[in-house]
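So the chains spell out like this:
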Amino acid sequence: MSAGTNYLTHSKGLKSWLFTLDHKRIGLLYLGAVATFFLVGGFFGLLIRLELLSPTKIFMSSDVYNRVMTLHGSVMVFMVVIPGIPAVLGNFFLPIMIGAKDVAFPRLNLLSWYLLMLGASIAVLSILLGGVDTGWTFYTPYSMKSADAVTTIVTGAFIMGFSSILTGLNFIVTIHKLRAPGMTMMRMPLFCWSLYATAIIQIVATPVLAITLLLLIAERVFGIGFFDASVGGDPVLFQHFFWFYSHPAVYIMILPSMGIISEVICTFSRKTIFGYKAIALSSVAISLIGFFVWGHHLFVSGQSELAGAIFAILTVLVGVPTAIKLFNWTATMYQGSIKLDTPMLYAMSFMALFLIGGLTGIFLAAMAVDVQLHDTYFVVAHFHYTMVGGVFMGMMAGLFYWIPKMSGHMYNEFWGRVSAVLVFIGFNMTFIPQFIMGSRGMPRRYHLYDPKFASFHIASTIGSWVIGLGFLVAMITIFKAMRSGKAAPANPWGGTTLEWTTSSPPIHENFEETPVITGRPYEYN
Amino acid sequence: MSASHSNHSDSSHHIVSASTNLTVFLSLVALTVITVGAAQIDFGGVWNIVIALAIACVKASIVLLWFMHLKYDSGVNRVIFGSAVFFVALFFGLTATDVFFR
Amino acid sequence: MSTTNNEKGIVPAHHFDSVAQEEDAGIQGIWLFLATEVLMFGGLFVAYAIFRGMYPEMFHHASKYLDTKLGALNTLVLIASSYSMASAVRSTQKGDTQKSFNLILITIACALIFMTVKYFEYTHKFHEGLFPGANFSHPGADKHLGLFFGLYFVMTGLHAIHITVGVGLMVWLLIRIKRGDFSPHYFIPVDAVGLYWHIVDIIWIFLFPLLYLIG
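Protein chains in written order, with numbering that gives the first Met the number 0: chain A, 0 to 524; chain B, 0 to 101; chain C, 0 to 214.
Derived by calculation from the structure, the hints in this document are not laboratory data.
Hints should not be assumed to be uniformly reliable.
Claimed, not checked - 27 Å max Cα-Cα, derived DSSO-like pairs, lysine-lysine: (1) 144/A x 142/C; (2) 68/C x 98/C; (3) 56/A x 338/A; (4) 117/C x 63/C; (5) 63/C x 124/C; (6) 70/B x 98/C; (7) 93/C x 70/B.
Treat the numbers as computed from the prediction; the structure is a model and nothing was measured.
From just these sequences and the hints, can you work out the full model?
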């Protein structure tokens, strides 16, 4: 514990938080926001699973079900997983890990947070205006005609997109210009490389989402006709526009999580990373190749066979840099001195679950297979394995890993481990049945379903309660560690990256003196 | 001093001469006249649009290189802009493999 | 926190080592933002290209509804505004802030001329029933002509919004010049607004032939 002030005690009062320019405080502002949105989105998810206990209606009409389903997706994608790790842990730790005092543009950073809050408020307002029932993908022509609050929720998403763009812009300039003496790009921690690759996507992809949403609003307000077949437009064009952003968006979600895994695996194997360069460059490769594959969402939309074939081949390609990472993490652990603390448990969960998520993605990349599995629960299970089994496991690993640094308190290790076990078991209970019933034809987004799938749905719903409990335990454990718990030393885990050389919590300027770097991280003697 | 800070600045401190600015301006005007003129002639097939776009690209390039001093900046800013153009082209190219080959 | 101009001279913000580093970072940030503008408008150009590929004759037919002379006039007006803006940046770098002030005023004037021309173009279109989208009601028109006009209004409309924002930024610069904020040692905001303005010009450089010079 540091004597003297740290970034938490540096100034006091609500205004010192709402007008802060300190990247660490902004990271915590984001943590509060994202955690709240996660509870909202998670609540809707549990509600969905509750309703699906029976093949017929229990307590929701189909109209309400469609709205709840849309909200679960929209909230989780735009308000939790996209901002998620970059805005919370990236904001807090990127400057420290490169030896800087702040991000390049602190005021833009604060603006990003306010844009997220504004966009989220508008999006949630749509609930009060009748809700949205199109699914989070807002496909035309239905989204053009649906009487519901599509324009509102899409406006909210538009504004949140700018939050994401500004974060990406800030991180690229920060990494280019603010690295400490001796910190070459090839000596940066791998979490920073992942944020760099993510930021590239945020800059390139998000503006296309912006124009897509604007055009959808123009359709609804002016009947502009681009996606309206009756005036010569093309509804499938909307899907091209939408997925040009939304596919790279999933790499915005997963890359930072993979960055965390690299950090945690090294520290808790007490071993240097196997293949630093391969992991660093594979992050950039994923970010670039990720732009070439969006058409795999359009395999059954009426897209040409030529495009389908091209996109199928390119999609398989994106699995290669991902696999490189998984092999390298495994090699890192091999003959390492493994400590099974909570961050490591979550990291190992990531490896198992993302492996399944990624592999099932390759199944779906094969157009012939996708024709059978598109719009089934197989797809739902695939993306939950990657987004929850991938992104959330990394987020949990990172939060438990870094909470001692952020708050100055250790979390309760017993409950941390309990949460990891509950989440892992609950997650598989929820989603393995979904792979099975999807492969047997259970369509996604359906409220009422064929009774032959009932037992799978029941199993999945029970699983959702277990994972819900696990996340609740995790959130309580982390929240408690923000305020109380054993005092954390500067380096409780024996990490080798720069944040472990600062006090827990760090001082306002991060470092007493600018550090000078003389080698790569992850060196253990 | 940071590792990424060199004595040579990336950008901006080169002052473009007044005569260069004038030359750029006059070239842009001339190219505008040319492109309007070329539009009156039927070159057949796709050639009209190819010529029009080529002229527009030349105009855009001279704005970028001199007015926006990309010629005098370090490579990073050129890569940033070039990448944006590349990804727009990619977006069009792959979408076209769908729309025009159905 | 940004560069402060105080009795110690120009001082960089606390997290930068030098003013040069801070300025480079600022300019790089602007280029990243311009990249997002290219990608956002780029989406519209992609939509244009797709529809033009689908309906080449309709596009040919459509261009006769647009007045090439007005389009060319607006192109020259924007080119002139880019010239005056670039010159304003140069004057600031040279320390002649009065000249910068006047040149930025000229740039604003050009922008206002542009918007006036567009106003007349738009009202003329509405008079002819050439509204965007659902209200499109021009008798005897090609069946899909509404799509062209959808593109026309969205592309030039979004562009016009960017012009308006540009004017606002320039007014902000005028205020700062009057306050004495800029000098040969500190002119980055002028440079930054200039870069934004040139991108707005470049977008129009492409809009003009694609919308007005088809036939």
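Satisfaction of hint between residue 63/C and residue 117/C, Cα-Cα up to 27 Å: holds, 17 Å
Given hint residue 142/C paired with residue 144/A - CA-CA distance at most 27 Å: holds, 21 Å
Proposed proximity, residue 98/C with residue 70/B (alpha carbon, max 27 Å): holds, 25 Å
27 Å limit on alpha-carbon distance, applied to hinted pair residue 63/C and residue 124/C: holds, 12 Å
Pairwise hint evaluation, residue 70/B against residue 93/C, where the allowed Cα distance is 27 Å at most: Holds. Residue 93/C to residue 70/B sits at ~20 Å (cutoff 27 Å).
Pair hint residue 68/C and residue 98/C, alpha-carbon separation not exceeding 27 Å: violated, 32 Å
Hint consistency between residue 56/A and residue 338/A [alpha-carbon to alpha-carbon, up to 27 Å]: violated, 48 Å
In summary, the numbered hints that this structure violates are 2 and 3.
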